[in-house]
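For the protein sequence lines, the chains are A and B, in the order given. Quick note on numbering: the first sequence equals residues 16 to 223 in the working numbering. Quick note on numbering: the second sequence equals residues 16 to 223 in the working numbering.
For the record, the hints were derived by calculation from the structure and aren't laboratory data. All clues stand as given, with none of them false.
A pair holds if it fits inside one copy or across any two, identical chains being indistinguishable in the list.
Each computed DSS-like pair below joins lysine-lysine, with the alpha-carbon atoms no more than 30 Å apart:
1. Lys121 with Lys70
2. Lys38 with Lys22
3. Lys70 with Lys24
4. Lys38 with Lys70
Protein chains: 2
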Amino acid sequence: MAGLREKQKADREKRILKAAVTKFGAQGYRSVRIEDLAEAAEVSVGTVYNYYQTKGDILIATVAMEVEEVLASGAEIVADPPAGAHDALCELIFSYYDHSLEYLSKEMWRTAMALSIEAAATPNGIRYAELDQRLAAQMTDMIVALQQRGDVRTDVDPVSLGHVIFNNLNQMFIEFVKNDAVTLSDLRNDVARQMQPISDLIANRKMS
Amino acid sequence: MAGLREKQKADREKRILKAAVTKFGAQGYRSVRIEDLAEAAEVSVGTVYNYYQTKGDILIATVAMEVEEVLASGAEIVADPPAGAHDALCELIFSYYDHSLEYLSKEMWRTAMALSIEAAATPNGIRYAELDQRLAAQMTDMIVALQQRGDVRTDVDPVSLGHVIFNNLNQMFIEFVKNDAVTLSDLRNDVARQMQPISDLIANRKMS
DNA sequence: TAAAAAAGTTGAACTCATTCATTTTTACAG
DNA sequence: CTGTAAAAATGAATGAGTTCAACTTTTTTA
Chain A
16 MAGLREKQKA DREKRILKAA VTKFGAQGYR SVRIEDLAEA AEVSVGTVYN
66 YYQTKGDILI ATVAMEVEEV LASGAEIVAD PPAGAHDALC ELIFSYYDHS
116 LEYLSKEMWR TAMALSIEAA ATPNGIRYAE LDQRLAAQMT DMIVALQQRG
166 DVRTDVDPVS LGHVIFNNLN QMFIEFVKND AVTLSDLRND VARQMQPISD
216 LIANRKMS
Chain B
16 MAGLREKQKA DREKRILKAA VTKFGAQGYR SVRIEDLAEA AEVSVGTVYN
66 YYQTKGDILI ATVAMEVEEV LASGAEIVAD PPAGAHDALC ELIFSYYDHS
116 LEYLSKEMWR TAMALSIEAA ATPNGIRYAE LDQRLAAQMT DMIVALQQRG
166 DVRTDVDPVS LGHVIFNNLN QMFIEFVKND AVTLSDLRND VARQMQPISD
216 LIANRKMS
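Make the full structure from the sequences, and use the hints.
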């Protein structure tokens, strides 16, 4: 199984990805040249392209790691959400937002999102889309959980609503990364305000 | 006012834009080189850059023309919407979608959207964002119109709701252009289904 | 263990978007 | 009409991502 060749391959790929995380974080995505990554990873330019199809590919790989973490932390919130539809939904949304800048700068997010649209049919574009699907599914899970607990009316379709809410939070996140002046706090406030009417509409009335 | 120089400038810009619409539509955005546009417009490469800052700039200019048309046709629908919240909202959304591929291919939309995220701070990124803002405002206008007519409950904030609905239709449009296999008809069906819970929640109850 | 095959690495060459010093064209003053 | 300043056009040069034919290393075969 693990012959010398396999070991070297795994090692080289790891070195390239590590170099990418380090250099992208330090200098920004655009100003890092493939040659720089190759040098830091002690391989040639051609070898970088042997492991990743494009420069964007390398970025998507780092984004995917981040989103996996976000999904894991979101699952914990779905398992035991705060009381009330609005607070529960916002808690989940905010957990996404708060994690978002841990490893990735806004510039990196912008590039990754642009790639996910422009190169949607490539392996990495597909990978990115799958991550989005899983985030939307997690929002649906949250709504189902709230319905079961009696916080949300049972006559709304959780799948449609989950997608609508995810699409909204995603679009709001795009606006956030598009503008360097907007803070995480601004984003939280905007989304909380925007979610209010939805929350009110889907909340179970306390009493007649 | 209209000296020779002004006339020539306007003429050259028009020629470049016309070459872009033609060539981008025929060959796709990526495979058209600036040199091709320059040749078709009978100017030099440097002159193209004298009129547009980047290749993406040229694309955004064509997108802006399209969106202006979409806004105009949307305004007619807001002025006299079909009966019922769901039908009225869907009619407006569908008018956007139906116009979308008139001048622009999916590939061109993908590139334009990617640019609007990646180069959000550039003049064209800002221009694109403004167009989005106007579309969202039009959705808010529609909700206000429906409230005034009694089709929609008056206790929901039309601005927040308008943005949520716009964000959703925009994200659904992104998914549409990302995948060449999805048809306009698929998109309409998906969005109609997705809007149903929202429509139900905001509709004025006919009677107690 | 030695030769042949397979897999992987390499970096110079290629393509394009973009820039900028030079040249050309237009406007305007005398 | 002529000279000069301003504006614009030009296209060769630059730089970065990407490709690919030749070269090495590893594995397999006998």
